[in-house]
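In the order they appear, the protein sequences are chains A and B.
For the first sequence, full-length UniProt numbering begins at 1 and goes up steadily by one.
For the second sequence, full-length UniProt numbering begins at 1 and goes up steadily by one.
These are computed hints drawn from the structure, not numbers from a lab.
Honestly, I wouldn't trust all of these hints.
[Said to hold, decoys possible] Chain A side only, calculated, beta carbon under 7 Å to chain B, not exhaustive: (1) K45; (2) T266; (3) H280; (4) A281.
Backbone N, C-alpha and C define an ideal beta-carbon position, used for all residues, glycine too.
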Amino acid sequence: MTTTKPSVAKAGGLRRSLGGNVRQYGIIGALLVIVLLFQVLTDGKLLLPNNVASLVQQNAYVMILAIGMVMVIVAGHIDLSVGSLVAFIGGVSALAMKDAGLPWLLAVLLGIVLGAVVGAWQGFWVAYVGIPAFIVTLAGMLIFRGFAILLVGVTVSSFPGAFVEISNGSLPNFLGFVANRDVVTLAIGGIAIAAIVLSQLRARRTLLRHELHVEPFGAFVAKIVVISVLIGALAWILAGSAGGTPIVLVIVGVLIVAYSFLMGRTVFGRHIYAIGGNLHAAILSGVDTRRVNFWIFVNMGALAGVAAIVTTSRAGAAVAAAGQNFELDAIAACFIGGTAVTGGVGRVSGAIVGALIMGVLNIGLSIMSVDPAWQQAIKGLVLLLAVAFDLLSKRRGR
Amino acid sequence: MSSNNVVLEMRGITKTFPGVKALQDVTLQVTKGEVRAICGENGAGKSTLMKVLSGVYPHGSYDGTILFEGEPCEFRTIRDSEERGIVIIHQELALSPYLSIAENIFLGNEQATRGVIDWTKTNAEAAKLLARVGLEESPDTKILDLGVGKQQLVEIAKALSKRVKLLILDEPTAALNDDDSEHLLDLLRSLQGQGITSIIISHKLNEIAAIADSTTIIRDGQTIETLDMRGAERVSEERIIRGMVGRSLDNRFPERTPHIGEEVLRIEDWTVHHPIDTERVVVDHANLHVRRGEVVGIAGLMGAGRTELAMSVFGRSYGTKISGRLVKNGQPIAPGNVREAIRHGIAYVSEDRKKYGLNLIDDIKRNITASALGKVARWGVMDASGETRVAGKFRTDMNIKAPTVDVVTGTLSGGNQQKVVLSKWIFTDPDVLILDEPTRGIDVGAKYEIYTIINALAESGKAVIVISSELPELLGICDRIYALSQGRITGEVSREDFTQEGLMHYMTMEREVSR
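So that you can see chain A by itself, here it is in the shape it has in the complex:
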């Protein structure tokens, strides 16, 4: 019997290394197909520079929330309160600027800190009292929506210009233009490509040095070329938009890089996966599960603060009804992006791609002036199909 075991294990290992990548490529492939589909359906309007820029600006909040949500879900929880939090924190920041006359930068900071504090409140109940996150954040959803309505009786608007710029402005074009394209944007694209190529090469070298399994060189090159072309194309298109690189894209980009690192390369990230994979084993391995759970919610709150700033800035106004259904957008993005409902599995990059799929659907259907009611129904269907596809492919793999 010992003779059969290695081959079984090998098959599992191969399937995993392949399967993980196939899943990752599959979701990116799905995004590309949807982009191309809408490019055709909208007669090429989807990828017009200004549409791409507003795609980023309008969906930044989903990506920001999805980053926090993927951590929450991987750890085996859920957060239903982030939509209400966006309204509440947006309202507080807006009033801080309008009524208390706080400088816009301090108002931004206040929003993020307030988010962290609210996150700590929810984290306390989840981590230290042991109430399921579903209940705690359902309560939070009601509580903070209520606070938002109390606080923001009438729409608060006319903020300082710099604040509105966060979600509507672009990086200054101080390097001028080449062929009518913003050089700053092109430079950022170039730097991003160089960074990705270098880090991929380094990772591959490390694997090879330890004589570990690497993908064939051809596939490796193909992957890098595809990624580079995609980033290059995005930079090229954005460089042709009215403003160049949206400021909010920089914010989102920094968050993606930072949180991918946090989840993939740090002890804290490892603990999150351990808790979601097997809570009992994590406890008996000495993981301070309560502390980790607490900080996951603090972090989610802080990111909800960032999303609140971005949303309020984008709208140029704070209203009590802001952030409606944002939690569902973020959760859907995570699940489309391959996060496991049962926890333990999920990546920031997957959630971002999931958010982009939702975003492309949003803007594509809007350009085609599809009834918002139908838009919602279509998004629901896409979520269901994405998860069903994931489940079926896993079942076949087994």
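The hints should help you fit chain B onto chain A, whose structure is shown.
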């Protein structure tokens, strides 16, 4: 065996999974009314064979023929086989915890008239069946209020409700204590008297010797031999083991010359209460110690408080109102959580590696480093290649059978999973290792490897505490054994005085005040 008495005949059964031939030309003949034991190492194909027989693997997914009571069978589902009177009871019991005994017995077979359940009839029928299996519980007791032993009896009652002719039990006593096992075996004998044939898959060789009329040995997906257990010549356990492993295991335990040093850990006056029923004393003023290079056993029946003792010492992972002292290397310590226990050099390998030991959806390397991430991280950032290197060394040293350390632990065999858990705790560099049932559910060959690892740990100066339900195992590997009964240390025996009878005497002391 006269052929007209053959109730079941399986001929030329071959079953392949992608890449693996699980069964190869297996032949099995079972006589009416006998108790047949099926033995084999884990992965030998026993469970696969039973799944073929019961229709879990439908007809057409395997080659060969099955004749039951002389008629060919082509089962597509479990329901088909149950209609013919073949019922399989799996190791993991399939009862619904929040439903009553009666509801469970008739689940899928409800006693109803025109779709409305007749509760009087349901409960009355259930009561009759409970009487037949000797379970004195009301039919409306909920399953979650029953112990594993009684749940097993409910499963058998459920089988009887289906007018079972051939009862298949997959490791029925693996989770039972000795009393419950004894009762179950008695029940099988009385069912035998009622003309019911049984097939029992078991790892417990003494049990097989007690109950089976004949034993079929399966190795590497093939039937090796069938031994007549009621013949003139007694079939010894060694004889069965020889058949199972295809080699003689005269030495089931590797040799070791102990080099015992100074005391490492002393547990004094240790008392633990039940976490929910806080009045109940689970560990009662226990005193024990372990020295460098020593392997100390803790023997005790199910429910004696062995795991509770170990886990309460391991950073108070179990119990409330814990009192007593821990002395490590002469210094008093008081680890209040798992992290502190690890820092004090204590490691605990759980009895249930799937539930408490491993993250089954993650790979080998991440499991191995899970308890000591700080050793492969700087400023909270993981050193990925360092981690791979560490895991790779353990894979080689511990002989974990996997092509790389990126293999998901859920796909490994029990023995290899256990080696991963052991690696994880050795990586924390402990002074004291508490191993709770380190060889449970793993096959004979892998057990030997685990014993070798334990010996090596002791040789390297670690203090090792082994908790085991298998007395021969404790006698084989320990230098000293404590017997635990109802939370009290009732005896301490050194190697030169080891006897099973002596230990069993201590383990059963004062049992009359049982709960």
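Structure-based check of all given hints:
1. K45: With Cβ-Cβ at 43 Å, over 7 Å, it is violated.
2. T266: holds, 5 Å
3. H280: holds, 5 Å
4. A281: Since chain B brings a Cβ to about 6 Å from A/A281, closer than 7 Å, the hint holds.
In the structure shown, a violation is registered for the earlier hint numbered 1 alone.
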